[in-house]
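*Asks:* This is what each chain is made of:
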Amino acid sequence: MLLELHHIEKRYGGVAALADGNLAVEPGEVHLLLGENGAGKSTLMKIIAGIVERDAGQMMWQGREVHLKTPSEAAAIGISMVHQESLLAPHLTVAENLYLGREERLPFGWVRRSRMMDAASRLIAEHGFPLRAEWRVEKLTPAGKQLVEICRAILHGSSLVIFDEPTSSLSGSEAAEVFRIVRTLRERKVGVIYITHRLDELESVGDRVTILRDGRTVHTGPLADLTTDGIIRHMVGREVSAMYQRTSLPPGEERLRVEHLTRKGELSDICFSLRAGEIVGMAGLIGAGRTELCRALFGVDPIDTGGIWMGGRQMSIGSPKEAVKAGLALVTEDRQITGLVLRLPIAHNITLAGVKSISRFGFLNGSAQNAAAEDFIGRLRIRAASPWQLAGRLSGGNQQKVVIAKWLFRQAQVFLFDEPTRGIDVGAKVEVFNLMDELAREGAAILMVSSEMAELLQVADRILVMREGRITGELPGRTTQEEIMRYAALETQPVSEERP
Amino acid sequence: MSQPAVERTEAPPVPARRGRERIVLQRLLPFLSLIVLFVALAIASPHFLTNTNLSSVVRQTAVINIMALGMTMIIINGGIDLSVGAILAMGGLLGTMAMEKGFSIPAGILTGVVTGLLCGLANGLMITQLRIAPFIVTLGTLGIFRGTALMISGGLPVHRIPQQFSFLGEGNVLGVPFVLWILVGCALATHVLMEHTRLGRYTFAIGSNREASVYAGIPVKFHTTAVYALGGMLTGLAGMIEASRLMTGQPTAGQGYELQAIAAVVIGGGSLQGGEGSVVGTLIGAFIMGLLSNGSDLLGVSPYLQQAIIGAVIILAVTLDELRKRRTASL
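Heads up: the sequence lines are chains A and B, in that order.
The opening position of the first sequence corresponds to residue 5 in my numbering, with each subsequent residue numbered one higher.
The opening position of the second sequence corresponds to residue 436 in my numbering, with each subsequent residue numbered one higher.
Worth flagging that the hints you see were computed from the coordinates, not collected in a lab.
As the structure is a prediction and not an experimental result, all values here were calculated from the model.
It is possible that some hints are incorrect.
[What the hints assert, rightly or not] Listed below are the simulated SDA-like cross-link pairs for lysine to any residue, each with C-alpha atoms no more than 20 Å apart in a straight line:
hint: 1; chain 1: A; residue 1: K360; chain 2: B; residue 2: R566
hint: 2; chain 1: A; residue 1: K360; chain 2: B; residue 2: H631
hint: 3; chain 1: A; residue 1: K268; chain 2: A; residue 2: M489
hint: 4; chain 1: A; residue 1: K360; chain 2: A; residue 2: I341
hint: 5; chain 1: A; residue 1: K329; chain 2: B; residue 2: V649
hint: 6; chain 1: B; residue 1: K656; chain 2: A; residue 2: S323
hint: 7; chain 1: A; residue 1: K329; chain 2: B; residue 2: R645
hint: 8; chain 1: A; residue 1: K329; chain 2: B; residue 2: L560
hint: 9; chain 1: A; residue 1: K193; chain 2: B; residue 2: Q598
hint: 10; chain 1: A; residue 1: K325; chain 2: B; residue 2: V627
hint: 11; chain 1: A; residue 1: K143; chain 2: B; residue 2: H631
hint: 12; chain 1: A; residue 1: K329; chain 2: B; residue 2: R633
hint: 13; chain 1: B; residue 1: K656; chain 2: A; residue 2: D305
hint: 14; chain 1: A; residue 1: K325; chain 2: B; residue 2: L469
hint: 15; chain 1: B; residue 1: K656; chain 2: A; residue 2: D379
hint: 16; chain 1: A; residue 1: K325; chain 2: B; residue 2: K536
hint: 17; chain 1: A; residue 1: K325; chain 2: B; residue 2: Q598
hint: 18; chain 1: B; residue 1: K536; chain 2: B; residue 2: H631
hint: 19; chain 1: A; residue 1: K360; chain 2: A; residue 2: D379
hint: 20; chain 1: A; residue 1: K360; chain 2: B; residue 2: K656
hint: 21; chain 1: A; residue 1: K329; chain 2: B; residue 2: K536
hint: 22; chain 1: A; residue 1: K325; chain 2: B; residue 2: R566
hint: 23; chain 1: A; residue 1: K360; chain 2: B; residue 2: A661
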């Protein structure tokens, strides 16, 4: 055995994050670690990677008990981790990040930049990553940052690499690239621990599975012995009977129309419309311009030419403030940065965009705020102890519901969802879909950007496909992944003529 | 609401500490320190618990305290204002100059307050319109305001001020220093503003996460500018009180006061990262510093040592606050 964990316990304050964590990894195996958010996966990985110390239990590394106190101690014995959230220094280059803390030891702390650049370029070329050593990390997309994290972890011949949801910000071909890297590591007899929420990718990577629930290991065994339903049953602790079903209804009046929207270098000649009661999916590879489209519609980035009509009137949206006023809502892909104020209570977050409606002459009406917060916590089934709980202390799925509640409270009419299910667990995903369905039934128009094609096929009434800043195809909701990929990755099809 | 696919009956994975309890806890430690300090001084020195001495503590502290109220708002907003000492001088100088030129006392005070407001507004506009870090902008305006004050006055203090003006800083109302009434009024107004108005709510949101505030459609620039303007206004008032106590308008007044105001905010639990701080905390912070300096005087501690003690207290207070936060934080 490469690594064995027995009866690991960890408490934060009074909260038990791990009560009985068990895990064993052999060299050359890809070990999947599954569980809902809050099940203790991240804590277990942080213990292995030396980021936090365990309170009780045993950790054996190559047969000897170890107590890791820092990530560098873990790195020294051959354990490295690819983090889910980017832990890179944004102002440094890709190469500098790769070698951060592992620079050559030269006198006076001197750094030999050209050699570092060369080594980094070789590594990137060897794996065929779409990166360049001299790029500054802050300019990279989430996918690019993820690749840098992966490069960093495999750079110095570790014997165990932990992947914490490496594909959550990646799409199709990039995810395939990650799988390829994982398989290469396996061939080199490296142990891999792989955390994921995307059950569809399990078979592409995994050998064995360990499932955590409420801080305890509830199952361990070969992947081949489990069905998807079986996995979900272990994760959730009960049957997930009703999967999501989209209520289909005839679309109502037009809520949003975008004509010939262009933003130099990012978007060109975007035309589409959203109707009341409609959920329109937006597919495409990372970097196709989907997030950029959301940002432009929401007034974050200025548009060069083209127009936006809402309810028959042309809008000039120059800032998020104006977008919100016009009835738009943007559920961003990185909810912890742009979606929530983590250090404020849930109640304040829910009412943040609509403070005006709970205030008179600038004074807040506290009881109206609390009533609204309690109402939404109940309606959206946000699992929180009280409206005063800080948003940062909620799980990913519940945080997402708070973001949605914020826009419901603001009575938005047109919703832009950018990767709404990123990093949230199976149960919460279904709840988010049901919320979207309910919104649509109440007459909202929804644009849903997602890199998970299976989700789009499940949720969307029709699907727009983007590639290189253009809309390259429009498909009915009941299409296939192959058909979407044809428009997302292959040659451009003229579509603007077909539009009504 | 449609039926959720997954029913959950067990407790949420991360039990919450109620936000309000957390805030109360945050205020408790400085408050206890203040009481301990007060009691200790009362025991150590027979002169401490006299009317004269306590009045003098209040008068000495009031100027820093009123400035610190504005600084609290600015720090919660995620900013800083290094120019308040110079704004204080500008306010005091222009206010007293107005009186020298024949304006009435209220008009003179108003001049000082408006001067402060305009200086703060200039800071706010530069920060939001030029998008330069508050530290840099106010470092620059610290020099600009101070230099302007010196140029206007030719470096000389204003002396010909009506005698009744001293009432603002030295008078008593109902047996209590007038400045204490002013301080209580300003503190109440700031507290209400921060806790019960849209401006306050937005200020906390902007300071905690500016980007999310922009995405929520909050007029971030307007509210940021407003906070600096209000901070400047309070500083202008503090400048008039300082001028009244000294009965001069000094272009060199208030040097180093910005650091005392910042210290009061952080001792009171404010975070220079933004998003945290409270009026009550700042009041306690300012009084802790006031009592330390008064106590040292009474007990004959060297003024050199005094400075070192106050410096150590700042670090100690923030360290304790950090330790508490780390203990209660679950990752």
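*Asks:* Now, for every hint given, state plainly whether the structure supports it.
*Replies:* Taking the hints in turn, this is what the structure says about them:
no.	hint	verdict
1	K360(A) x R566(B)	27 Å, violated
2	K360(A) x H631(B)	13 Å, holds
3	K268(A) x M489(A)	25 Å, violated
4	K360(A) x I341(A)	23 Å, violated
5	K329(A) x V649(B)	13 Å, holds
6	K656(B) x S323(A)	12 Å, holds
7	K329(A) x R645(B)	19 Å, holds
8	K329(A) x L560(B)	24 Å, violated
9	K193(A) x Q598(B)	89 Å, violated
10	K325(A) x V627(B)	26 Å, violated
11	K143(A) x H631(B)	40 Å, violated
12	K329(A) x R633(B)	17 Å, holds
13	K656(B) x D305(A)	17 Å, holds
14	K325(A) x L469(B)	43 Å, violated
15	K656(B) x D379(A)	31 Å, violated
16	K325(A) x K536(B)	46 Å, violated
17	K325(A) x Q598(B)	52 Å, violated
18	K536(B) x H631(B)	41 Å, violated
19	K360(A) x D379(A)	18 Å, holds
20	K360(A) x K656(B)	17 Å, holds
21	K329(A) x K536(B)	49 Å, violated
22	K325(A) x R566(B)	18 Å, holds
23	K360(A) x A661(B)	17 Å, holds
Checked against the numbered hints above, the structure violates hints 1, 3, 4, 8, 9, 10, 11, 14, 15, 16, 17, 18 and 21; every other hint is satisfied.
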